[in-house]
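Participant: Please put together the full structure from these sequences, using the hints given.
There are 2 protein chains.
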Amino acid sequence: MEDVARAAGVSRMTVSRALRSDGSVSDKTRARILKIVKKMNYVPDQSAGSLSTKRSGFVATLVPSLNNLHFAESIQALNESLEIIGLQIILGHTDYSTSREERLIESMLKRRPEVIVLPFDGHTERTVQLLKQVNVPVIEHWEIPPTPIDYTVGFSNKAAALEMTTALIERGYKRIAFVSEAEDAWTRGAARRAGFIEAMEQAGLSAHRMIRYGKPPMSIEDGYQIGSAFKHHFGDADCIFCVSDAPAFGLLSAFKEQGLAVPDDIAIVGFGNFELSRFASPSLSTVEVDPRGIGRATGELIKNLLGRSSDDPPIPRHTAIDFKLTWRESTKNP
Amino acid sequence: MEDVARAAGVSRMTVSRALRSDGSVSDKTRARILKIVKKMNYVPDQSAGSLSTKRSGFVATLVPSLNNLHFAESIQALNESLEIIGLQIILGHTDYSTSREERLIESMLKRRPEVIVLPFDGHTERTVQLLKQVNVPVIEHWEIPPTPIDYTVGFSNKAAALEMTTALIERGYKRIAFVSEAEDAWTRGAARRAGFIEAMEQAGLSAHRMIRYGKPPMSIEDGYQIGSAFKHHFGDADCIFCVSDAPAFGLLSAFKEQGLAVPDDIAIVGFGNFELSRFASPSLSTVEVDPRGIGRATGELIKNLLGRSSDDPPIPRHTAIDFKLTWRESTKNP
DNA sequence: GCACACAATGTTATCGCTAACATCTCAGCG
DNA sequence: CGCTGAGATGTTAGCGATAACATTGTGTGC
Chain A
10 MEDVARAAGV SRMTVSRALR SDGSVSDKTR ARILKIVKKM NYVPDQSAGS LSTKRSGFVA
70 TLVPSLNNLH FAESIQALNE SLEIIGLQII LGHTDYSTSR EERLIESMLK RRPEVIVLPF
130 DGHTERTVQL LKQVNVPVIE HWEIPPTPID YTVGFSNKAA ALEMTTALIE RGYKRIAFVS
190 EAEDAWTRGA ARRAGFIEAM EQAGLSAHRM IRYGKPPMSI EDGYQIGSAF KHHFGDADCI
250 FCVSDAPAFG LLSAFKEQGL AVPDDIAIVG FGNFELSRFA SPSLSTVEVD PRGIGRATGE
310 LIKNLLGRSS DDPPIPRHTA IDFKLTWRES TKNP
Chain B
10 MEDVARAAGV SRMTVSRALR SDGSVSDKTR ARILKIVKKM NYVPDQSAGS LSTKRSGFVA
70 TLVPSLNNLH FAESIQALNE SLEIIGLQII LGHTDYSTSR EERLIESMLK RRPEVIVLPF
130 DGHTERTVQL LKQVNVPVIE HWEIPPTPID YTVGFSNKAA ALEMTTALIE RGYKRIAFVS
190 EAEDAWTRGA ARRAGFIEAM EQAGLSAHRM IRYGKPPMSI EDGYQIGSAF KHHFGDADCI
250 FCVSDAPAFG LLSAFKEQGL AVPDDIAIVG FGNFELSRFA SPSLSTVEVD PRGIGRATGE
310 LIKNLLGRSS DDPPIPRHTA IDFKLTWRES TKNP
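Sequence lines, in order, name chains A and B.
Count the first sequence with my numbering and you get residues 10 to 343, in order.
Count the second sequence with my numbering and you get residues 10 to 343, in order.
Keep in mind the hints are simulated off the structure, nothing from the lab.
Take these hints with a grain of salt, some might be off.
Pairs involving identical chains hold if they fit within one copy or between any two copies, as the list cannot separate such chains.
Simulated pairs of lysine-lysine, DSS-like, Cα-Cα distance not exceeding 30 Å [claimed, not checked]:
| # | residue 1 | residue 2 |
| --- | --- | --- |
| 1 | K333 | K48 |
| 2 | K37 | K47 |
| 3 | K183 | K312 |
| 4 | K37 | K48 |
| 5 | K63 | K183 |
| 6 | K48 | K141 |
| 7 | K63 | K47 |
| 8 | K119 | K63 |
| 9 | K341 | K240 |
| 10 | K265 | K333 |
| 11 | K265 | K240 |
| 12 | K47 | K141 |
| 13 | K119 | K48 |
| 14 | K312 | K119 |
| 15 | K44 | K63 |
| 16 | K312 | K48 |
| 17 | K265 | K341 |
| 18 | K37 | K265 |
| 19 | K183 | K224 |
| 20 | K224 | K333 |
| 21 | K44 | K141 |
| 22 | K183 | K341 |
| 23 | K141 | K240 |
| 24 | K341 | K119 |
| 25 | K119 | K44 |
Facilitator: Here is the structure:
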């Protein structure tokens, strides 16, 4: 910066001001400075700037896994809305582990993020303690936790599964099986399972057809494995509700091999509405969610949180992102 | 830090040393300090540290898009190998645009990354100039560019497509069509197309069956659209080679609707070996690549680059990550 | 012609940490 | 018993920017 200042015949401070378009620099001087900056390829050091302004420009963002297009898309949308206001994501994946989450947060806090975005798969006590203490807005996304720390963006996975199950029951399915992960403490998968159980019980139906397999995120392969052994488990089921479209597609594939007809012998529904599901054959009924919507809404929320002055109206704690049931060929019409 | 120091009855410097396990602090003192740090929930400010040590701990990482599981997985693997040496990824996606790439790099350089990882879809002149000037190792991944800037990790997309095409010809296919993006300046898609053309010409076959549609990354929907109109274009083709598994799956879906038999009426091959392809019906022959391998190898390379002392053996410029042809039901056996 | 307001620029101190050098302490030794 | 040197700790001076205040210049109104 010194060099630029010298070349422009001004002080470092003026260069700094010119670079930040902070007003009070004459247009002539600014133009001259910017030209020199470009010519010298000078790039300001933002760590130094942050130290001084106490604004890191970072948004610490955690997702359960990138190995899932939904989370990846939501990050991409978030990134797009943050970059226009000069914020940079620092990304981590929890792998559905609360202790890993704690470690990551601890390490990201060193970067002094201005906002923390994370999923809810349960948190350790220390995580909550750290988050509360740092006095930085915390946004939980992709789920509405029982006791939110601060802000939330997303939908209730339990409610979504409940709605789908109820709709299945209305369509005449009674012996519905539910496929979800074997290892999940309090993930979105577990929430969906809870919604399924509640809907079944409300309808006076038995929710004992529980298939637990693998760990999150469930893959197509997991579904295929389940499908291959399916008749040994709950061969009497008339419908299978999967925690995600991926295993639903795997089931489809296994059933095709076995000559089981979907939806005539058995119906299948998934969760997520991945692109895949529309083009599967039969195409998959599913719960449609809006990953980019979650990312975008999170971005908007962050904009509001950081751009806010003290007399602005309060910001709502929860931003609901809608889901919707999408019916395709893998279920019979009512 | 001051507070911790006071509580422990030592100077700030000793606290700093204790936190970095920098040797010369007595075990007793360190233990005492760490206990106080934990109790006070003190988290050091890494921007300040970076400013002093001139080591940001950042790796600027670009991918074309997160909207593609391969890139997302490769980022995840890279992240896993970097976090154990205390490096943090700052992520961006170019959206296959060289000007966007330039903007992102410029903004990331403000963070003083220690390494820059980016894809090759062409670079603007200024991008190259900036990268060369900053004197930071640059790693291009997922492709071998014609003129690498520094290091590369990946495989030649052209060579991979050439090998697949040659194998298809050996299997008796002669009227092969190639499906790729309409808008691609110099993407991996274009490289694959070049490989296809070269192989066809080597075999004395015509490479005129070119279907260009949509923009990268190609989706299942794109493939479906192409499939729906296929017979109007190159109805005489005996095989379709797609730039990615996604459109290949879409084609499959369209052909199923039309009653076209794969592979008896026409063969289909994809590129990437997404999980989907193994469970499609018929399952898709494809070029298998190793996204996690690319991420991991990039991580290893970075470890070497940063951990290196001047008399270490030189580091190879290119790390080859193998691809392999995988034959499934969507092509006939030779 | 002079005080005054405001715009444009400069100066100084500081952000929170660490490198580099300085100091202190005490064991081991002749 | 004083000297030496290594280990443990302290002190000082930055890292590269910006906040806050200080200064200079310039036109305006009376």
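Participant: Against the structure, test the hints numbered earlier, and report the numbers of the ones violated in rising order.
Facilitator: Of the numbered hints, 1, 3, 5, 16, 18, 23, 24 do not hold.
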